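Protein chains: 6
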Amino acid sequence: MRIAYVVPGPMSKGPMGLKEMKRREALLNAWAFAGTEVSVIDVMDGPASIESAYEEALCIPATIDVIMRCERDGFDAAIIGCFGDPGLEAARELTTMPVVGPCESSLLLAASLGHKLSVLTIFESMVAGQELLAYRAGVLEKLASVRATGIPVLDLMKNPDQTREKLIETAALCVKQDRADALLFGCMTMSFLDLADEVSSAVGAPAINAGKAALKHAETLVSMGLSHSKTAYPMPAKMRAGQSFEALRVA
Amino acid sequence: MRIAYVVPGPMSKGPMGLKEMKRREALLNAWAFAGTEVSVIDVMDGPASIESAYEEALCIPATIDVIMRCERDGFDAAIIGCFGDPGLEAARELTTMPVVGPCESSLLLAASLGHKLSVLTIFESMVAGQELLAYRAGVLEKLASVRATGIPVLDLMKNPDQTREKLIETAALCVKQDRADALLFGCMTMSFLDLADEVSSAVGAPAINAGKAALKHAETLVSMGLSHSKTAYPMPAKMRAGQSFEALRVA
Amino acid sequence: MRIAYVVPGPMSKGPMGLKEMKRREALLNAWAFAGTEVSVIDVMDGPASIESAYEEALCIPATIDVIMRCERDGFDAAIIGCFGDPGLEAARELTTMPVVGPCESSLLLAASLGHKLSVLTIFESMVAGQELLAYRAGVLEKLASVRATGIPVLDLMKNPDQTREKLIETAALCVKQDRADALLFGCMTMSFLDLADEVSSAVGAPAINAGKAALKHAETLVSMGLSHSKTAYPMPAKMRAGQSFEALRVA
Amino acid sequence: MRIAYVVPGPMSKGPMGLKEMKRREALLNAWAFAGTEVSVIDVMDGPASIESAYEEALCIPATIDVIMRCERDGFDAAIIGCFGDPGLEAARELTTMPVVGPCESSLLLAASLGHKLSVLTIFESMVAGQELLAYRAGVLEKLASVRATGIPVLDLMKNPDQTREKLIETAALCVKQDRADALLFGCMTMSFLDLADEVSSAVGAPAINAGKAALKHAETLVSMGLSHSKTAYPMPAKMRAGQSFEALRVA
Amino acid sequence: MRIAYVVPGPMSKGPMGLKEMKRREALLNAWAFAGTEVSVIDVMDGPASIESAYEEALCIPATIDVIMRCERDGFDAAIIGCFGDPGLEAARELTTMPVVGPCESSLLLAASLGHKLSVLTIFESMVAGQELLAYRAGVLEKLASVRATGIPVLDLMKNPDQTREKLIETAALCVKQDRADALLFGCMTMSFLDLADEVSSAVGAPAINAGKAALKHAETLVSMGLSHSKTAYPMPAKMRAGQSFEALRVA
Amino acid sequence: MRIAYVVPGPMSKGPMGLKEMKRREALLNAWAFAGTEVSVIDVMDGPASIESAYEEALCIPATIDVIMRCERDGFDAAIIGCFGDPGLEAARELTTMPVVGPCESSLLLAASLGHKLSVLTIFESMVAGQELLAYRAGVLEKLASVRATGIPVLDLMKNPDQTREKLIETAALCVKQDRADALLFGCMTMSFLDLADEVSSAVGAPAINAGKAALKHAETLVSMGLSHSKTAYPMPAKMRAGQSFEALRVA
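Protein chains in written order, with full-length UniProt numbering: chain C, 1 to 251; chain W, 1 to 251; chain E, 1 to 251; chain R, 1 to 251; chain H, 1 to 251; chain S, 1 to 251.
Keep in mind the hints are simulated off the structure, nothing from the lab.
Careful: at least some of the hints might be erroneous.
A pair holds if it fits inside one copy or across any two, identical chains being indistinguishable in the list.
BS3-like, lysine-lysine: derived pairs with alpha carbons at most 30 Å apart [what the hints assert, rightly or not]:
#1 Lys166 - Lys176
#2 Lys230 - Lys22
#3 Lys176 - Lys22
#4 Lys166 - Lys19
#5 Lys230 - Lys19
#6 Lys176 - Lys13
#7 Lys230 - Lys166
#8 Lys19 - Lys158
#9 Lys176 - Lys230
As the structure is a computational prediction, the values presented were derived from the model and not from experiment.
Take the sequences, apply the hints, and build the full model.
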């Protein structure tokens, strides 16, 4: 199967660049089941990183264009490569192939590992947004906490030792003070640091790499012949009434 | 005080046109407290009407640009003129003046009128989205039901008698079968038909005009010197760190 | 419009006296929209202050008599002047004009300012009662905490500096430890100290003056031609069946 | 042990009269464990029956006076003889002996009989009030429904066959449509008709006589040496601070 | 009435032995209402104590055999003598006499004593299980906390002074930090130490002896002629279809 | 990887027999990703089918023995082959390899397909049990309904056309009346009829084969190097304290 991992912003033009995209593509292909081919594709219009509701809103229209093109190009599923799952509902309206978001995928996987989950996020200002995503995934009851590390997305890879240390320290608070049984990396750059095993060993609870979780979720759906429900994410009414996709976009 | 009612799409270019914008502006000014001046402003980039998550996503970036301009131009508050409250959180991040959404305003007002509320919406496909907005407003526990009338936004004004009849019929089901104590018009075009009194008389429960509710909410906040909390809707981190607004927008 | 602010106890005879009533009336009229006239009216039978369920129960029958008289005297709305909203449901059964309670009004307004709210109350023993009121308002999900200042109602005005200091200290705990985005003054005497701006500046989150919030809520309802739903707060069955109001009161 | 069953209104002066009080006293003593003596005492000030929030508010102050007198007179516990549990919280503040309410007692007993419960109430207008009591008891999650029979309290005993028939018909809807596993009689006059076994046989689910449930609850607490928590229902602050009970009552 | 207190394991063969069983039987009979006779019966197949889901699962089949035999032998009700209520649902399927579990009985009784409850349990690893039982009882909303004392079941009686001290210390944290109004002993051996009064005096909140609570619950049900609902706990379908009990047990 | 699918009862000795076990094994291997080998293993002690809490309790001890043996024999994960997930928590306490239950796996997968889910179960008497499992999985908020088909487990394969018809009829009610976006087959024999595509086409919403879902869940966990959290499912305390497994089992 062919899976598109769509980065909702122009990563190839930004500080991480094409090299990081290729590194992530290699990791995803290494994590995949035999027979899966993953392509990492970025979106040319959008912010350098997504750390606010505004930046999230900015990236959605162009990201959905890319996801629609992926479906036309024969991909079997798409992953939205940001832990805020930007545009997940809108993308599902316009596709029939599965579209998954790493936050939803990780939360639902983590829910099977224990009673209470915690998310390691970037900033305090993103805690409420993560709580909303837990509600949308249906597992808010299992959310023990969302704790911020305070390291901006674009700085996570600059000092990996400091990042590792801060992640372990924050994760330990989730386990000890919030009774978390499992941990989520609440940012794709965190996940692609591939520190889940180290963090898990350090704090005594499983930690979920969101890139792996989204990939396995997509592979599971394709393998089972399933996709999101069109009663939940219906094609927009104007299109159901026979108008073209273009008619949706402008008055 | 000066309040901007921002229509998140190019209404002046669409089927309703400038005339309908002016009619709504006149109504809003008639509903306002003495001393309030309301301007209706549309957004030149966006869909003709918003009936899906995709159309909602499409309108947000340009709508926020207009709201930010309104703040710079000295408006005291802005109303996002769509019952899906598109971009409410993102707009609040970038402003200090109050920005209100008619859905949130109506839900919180309705919550003071009785134990259970129902929303009259456009299509079945919009029920789940309205339920999510009730959760975000904090009053999901009071939501009795969301029921669709099945009349597309752009057709609501074409046959007013049929629209009135369908609204009353649907509202009656909310009261009788779902135990609703109060009703919300879940679309601004419904609200600007100004049928709240007729529907209310017909079904024996108060009905809330969302345009009025958002206006009163904005007037209340300005009058009290209040605005949304910046701990809840903080300025994006890059700007707090000293980067310009433009730096947010592109990689 | 004419609004009655009904103090549910004999304030004019108590330690605060007629002077304080007049001061509050002046403040309310200063806060009102143009065209609103507010009268502060106390109830001659009842406790000196309300700090328990028992004192609340004591004040209700006579308070409702006054509210009913206000409606007969042509007032457009009534505010029950105590943050416990004593008798709110019963008063709504017997009136058609809007009757609002400052706690409900403040909670629903605060719900539009952020994700999580905290109430500053008088005693630890009043925390559970405030939580129940948040449930009744429908916004318990948004309640971050209720924290007591420990200063009795009748002492709040004796040492304003100490009161201000204690309010700021308690509010800061709500923001830092409980993640509150907005604060409520959980007592009318606290609100009429008019310290919202000072507390808000000190802790970095909006604080809501409950007197203002109730006033704006009443003005909004009257201005919109709305009142509480009679399906939610119906006239007592004996009266609906044709018996007189007097027949309700004695066997 | 001696238990006071306090009717919160002047039953001896009303249509049911002293004879009905004596009949209820005999039933309660017949239901009691060996060694328990129950006295039925009415309250001379209050409404003929309680079918609204207003009538409930009316009865509370005098009812609490009677309950306090009962404690001084050596009773071991009191039952508030109305299914709305009027004044339960206030009475607990002023007593150390157990005070129980039939609604709370019945709900907590019913919660041990199955997954879902239904309450048979008097009027549609009382449904929301019963739901609030289920929330206060802590078992709202188990409430399947509250259904009204439509027979006023004072008419329940006039045509017992019709009452029985209506109760069975309503209970059957609770079991079949709402999946109730157990039924509560939501009015003391219903309970003292002593129809639990008949209704239960007819619909195939246990039905709880609220008079028996409250009695057993009181006997249990006295027998175990338990009473309500004074952290939950503390003595009013003015009394804790050394003022007399009388000081609470007037300004 | 005759009540069987069934210990779900071979206590007579274990470290506590027959002497402890007889001591518990004497206590239960001393706590009972006049006319109640309690027999303590252990189950010959099962673990020495129950501190995990696995040990709980181990004891259930044989415990249900004993409970069924008790019903055939003319007992009026059975108590499952472990605070995890092992096998409660299964036992109710196979009996018509009441079967009660001390955890459910205690939680529902405690719910009538205050707003928030805490359970004192054995190990941290048992917290999530206790939370699940609170959900099943329907009162999770009232659960303030579950705190572990860290003393294994079989060690509780070895050093009673240390146990008392640890219980008081843990209970005090529940009251002060978690706002508990009432406390539950989350283990039968804790309850049979009969320390409720001491703990209650020390921390200022009622503490519930789970053995007493289960006994009173059973006595209440028998006295009222009630038992669990057979719609909630139906006889297994194969038996309803006419097969024998033995046919259930093997393929 | 090697996965054990453990049937919690003696299927090879029962009416379905070894042939059906082999058919299921072939299906599971056909559904698996390349490189996965699935073995179907039954448990020699237990009921013929599981349709009650009692039958569930009966099968658990022997099923856990088999799962523990599987781990010793080098399997990488185990699936408990019953939709009630019997013994899931206990098995996780005693293993470090992943143990999954088809109900939990299906619920969490379905939660990613839409807003509301429905489970097709065997008997009305199993509805409450399925609701409890949805609570344990953390997704009760998404459960639209559990509806019974009324066909006993052992009859499902006798008349496949009738089973298919009944499943489609029941699924259609879930979609139309309960607003389900996705459907679960609430019994493994239902799932192994492999009718998901037919049911899905007939009702217009995805249907989840629980056997496939559990398999993909197990493959995902093994592939990611994850297993259940040992803080959530700790080894029993006696073993942590150094006693042998055998010491757990008898007094």
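Treating 30 Å as the Cα threshold, decide for Lys230 and Lys166: within, between, both or neither. between (42 Å within a copy, 23 Å between copies)
If the cutoff is 30 Å on CA atoms, where do Lys166 and Lys176 land: within, between, both or neither? Let me know, please. both (15 Å within a copy, 21 Å between copies)
Between the shortest in-copy and the shortest cross-copy C-alpha distance, which are at most 30 Å for Lys176 and Lys230: within, between, both, or neither? between (41 Å within a copy, 14 Å between copies)
For Lys230 and Lys22, with the copy left unspecified, which applies at a CA distance of at most 30 Å: within, between, both, or neither? neither (33 Å within a copy, 36 Å between copies)
From the Cα coordinates, with 30 Å as the cut-off, is the pair Lys176 and Lys13 best called within, between, both, or neither? Answer is neither: 41 Å inside a copy and 39 Å across each miss the 30 Å cutoff.
Within, between, both or neither, where Lys19 and Lys158 count as close if Cα-Cα is 30 Å or less: within (15 Å within a copy, 56 Å between copies)
If the cutoff is 30 Å on CA atoms, where do Lys166 and Lys19 land: within, between, both or neither? Let me know, please. within (25 Å within a copy, 55 Å between copies)
Within a copy, between copies, both or neither: where do Lys176 and Lys22 come within 30 Å Cα-Cα? neither (37 Å within a copy, 42 Å between copies)
Up to 30 Å CA-CA - Lys19 versus Lys230, copy category: Classified as neither; 37 Å inside a copy, 37 Å across copies.
Checked against the numbered hints given earlier, the structure breaks hints 2, 3, 5, 6 and satisfies all the rest.
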